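Student: Here the structure of chain A is known, so what remains is to put chain B with the ligand in place on it, guided by the hints.
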Amino acid sequence: MIDTPGKGAVISGLGISQIGRRTGISHLDNTLAASREAIADAGLTPADIDGITTMGDTPIAEAAQALGIEPSYRGGGISSGGLISPVMSAALAVCEGRARHVLIYRTIQMMGGDMISNAGHAPAAPEDSGFVDLAKSMGGIDEVIAANSFSAVNWLAMHCRRHMHLYGTTKEQLGWLAINSRRNAGLNPKAVYRDPMTMADYLAARMVSTPLGLFDCDVPVDGSIAVVVSAPEYAADCPKPAVRVEAVGTSPGDGGWFRRPDYPKMASADAGAELWRRTDLKPTDLDIAELYDGFTYLTLVWLEALGVCGAGEAGPFIEGAKRIALDGELPLNTYGGQLSAGRMHGYWVLHEACVQLRGEAGERQVAGSPEVAAVAVGGGPIAGCLLLTR
Amino acid sequence: MTQPAIQPATERMLPTLTDLNRPYWTGGADGQLHVQYCDACSNWMLPPVATCPGCGGVPQFRPVSGRGTVFTYTTNHQPFHPKIPPPNLIAVVTLAEQDDLRVMTNLINCAEDDISVGDDVVVRFENHGEVYYPVFEPAEAGK
Ligand SMILES: [Zn+2]
Numbered sequence: 001m002i003d004t005p006g007k008g009a010v011i012s013g014l015g016i017s018q019i020g021r022r023t024g025i026s027h028l029d030n031t032l033a034a035s036r037e038a039i040a041d042a043g044l045t046p047a048d049i050d051g052i053t054t055m056g057d058t059p060i061a062e063a064a065q066a067l068g069i070e071p072s073y074r075g076g077g078i079s080s081g082g083l084i085s086p087v088m089s090a091a092l093a094v095c096e097g098r099a100r101h102v103l104i105y106r107t108i109q110m111m112g113g114d115m116i117s118n119a120g121h122a123p124a125a126p127e128d129s130g131f132v133d134l135a136k137s138m139g140g141i142d143e144v145i146a147a148n149s150f151s152a153v154n155w156l157a158m159h160c161r162r163h164m165h166l167y168g169t170t171k172e173q174l175g176w177l178a179i180n181s182r183r184n185a186g187l188n189p190k191a192v193y194r195d196p197m198t199m200a201d202y203l204a205a206r207m208v209s210t211p212l213g214l215f216d217c218d219v220p221v222d223g224s225i226a227v228v229v230s231a232p233e234y235a236a237d238c239p240k241p242a243v244r245v246e247a248v249g250t251s252p253g254d255g256g257w258f259r260r261p262d263y264p265k266m267a268s269a270d271a272g273a274e275l276w277r278r279t280d281l282k283p284t285d286l287d288i289a290e291l292y293d294g295f296t297y298l299t300l301v302w303l304e305a306l307g308v309c310g311a312g313e314a315g316p317f318i319e320g321a322k323r324i325a326l327d328g329e330l331p332l333n334t335y336g337g338q339l340s341a342g343r344m345h346g347y348w349v350l351h352e353a354c355v356q357l358r359g360e361a362g363e364r365q366v367a368g369s370p371e372v373a374a375v376a377v378g379g380g381p382i383a384g385c386l387l388l389t390r
Numbered sequence: 001m002t003q004p005a006i007q008p009a010t011e012r013m014l015p016t017l018t019d020l021n022r023p024y025w026t027g028g029a030d031g032q033l034h035v036q037y038c039d040a041c042s043n044w045m046l047p048p049v050a051t052c053p054g055c056g057g058v059p060q061f062r063p064v065s066g067r068g069t070v071f072t073y074t075t076n077h078q079p080f081h082p083k084i085p086p087p088n089l090i091a092v093v094t095l096a097e098q099d100d101l102r103v104m105t106n107l108i109n110c111a112e113d114d115i116s117v118g119d120d121v122v123v124r125f126e127n128h129g130e131v132y133y134p135v136f137e138p139a140e141a142g143k
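Those sequence lines, one after another, are chains A and B.
Letter by letter, the first sequence follows residues 1 to 390 of my numbering.
Letter by letter, the second sequence follows residues 1 to 143 of my numbering.
Just so you know, these hints were derived from the structure itself, not from any lab.
A short, non-exhaustive set of chain B residues, derived as facing chain A with CB atoms under 7 angstroms:
1. 9
2. 77
3. 106
If you're wondering where the values come from, they're calculated on a predicted model, not measured in any experiment.
C-beta: ideal position from N, C-alpha, C; glycine also.
So that you can see chain A by itself, here it is in the shape it has in the complex (with noise of 0.2 angstroms):
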């Protein structure tokens, strides 16, 4: 086992705003609403928080003075975890005696995530996931720009068909993790779209970028998710079951959108096993896998970069989703996905661990009191991921 950074940290808070398309609510409520109810949840005050980190619309600064708090930790440590790396980090920082409690908030207002409409020139593109912030700040960014490929559903969707080509995998294993999402999302009061989705309904969605169509894509939402983590030792004062981190994994992003030499591995395939080398848990020993639907193939990617299947297995895996339900052996976004309850960006997979971890899911709850979950967040050349435990 290698050095395992942020083990033991405790998720003690959980708070999730309203969530929904076009709200007309500020990214500043949603962000005041999340993390009050994710202070007190964790039995605290806001004078009890002495850090704040987050990856959101709502300026720290803003942030922190609307709730009342002088955080002396405002994040930093971990960067290669993605979109999650905010979590790491504080997960560091409270191991290290750097902060006590700390507040992250992820706060989203709807967007499309492709190049030319954040620049102002055309409509966002609903259906389009949103790394390119990130994506703008890397290397070789250009060279995909200039092939007239403008979105990260481009970029997965070429990942996709060379991952169809290689191994067999369909457009219908895929279907099924929608199908799978909008059925979980129906037993989720906060998700966006309840209604039933069957295999023609996935099927006729229109095509976004080959193979991957409509409802392969996530749902774009207004909203925030803000979690409290704390220092090991608090795991006996927590008013709610204490969550912990297990392990951490994260990914240097070596090679780009398509220059890794095992694409159509992605950074996950880094992140994955780089959390496993950090504790003697197996993939075996997973209650519940709460991974990153940005798009449907990445969770497919992510089933494959955790170990739970083999290279190449993840498609026959969850065919039927029978596998992935709620009483399946390994239930799989059990709160509906980025697909069907909304585009919190990697903290909903977050909020929703814990949540079952805890016992609290209601209609939706995974029986048998899971003890082990997977959390896992990001695609291309950007992943995270952790394993946390009750």
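Tutor: For chain B with the ligand alone, coordinates are given in the frame of chain A:
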């Protein structure tokens, strides 16, 4: 039903030319694609770098054959850019010189139904001012 063949693009968001990347993006003026090669390492490399990651030497641009194979592809149907109407056929092509030498590009004079992973393609150039942008078409189309 036969899909209409995709034509060369009239608009592109091209990279800013630098001393480092200029030979790659403008070299097609002579009808050939130019890629960096390190003699010491016997290694082709993309994108352009100042020093060879293998030996620290300075790699030199050389023309390549312009032949390659389709590594993967997608047809984009979403109108992301007002001047670039879909569909456009985006691909990663592996150049014939080396099995890890990949370019992201567009395929022209074909449609998705006409191509498969592994198909042979050849380079063509779209001229945009100083830049000669490399696109590819099915090898049999040039015969
Ligand atoms: Zn060299």
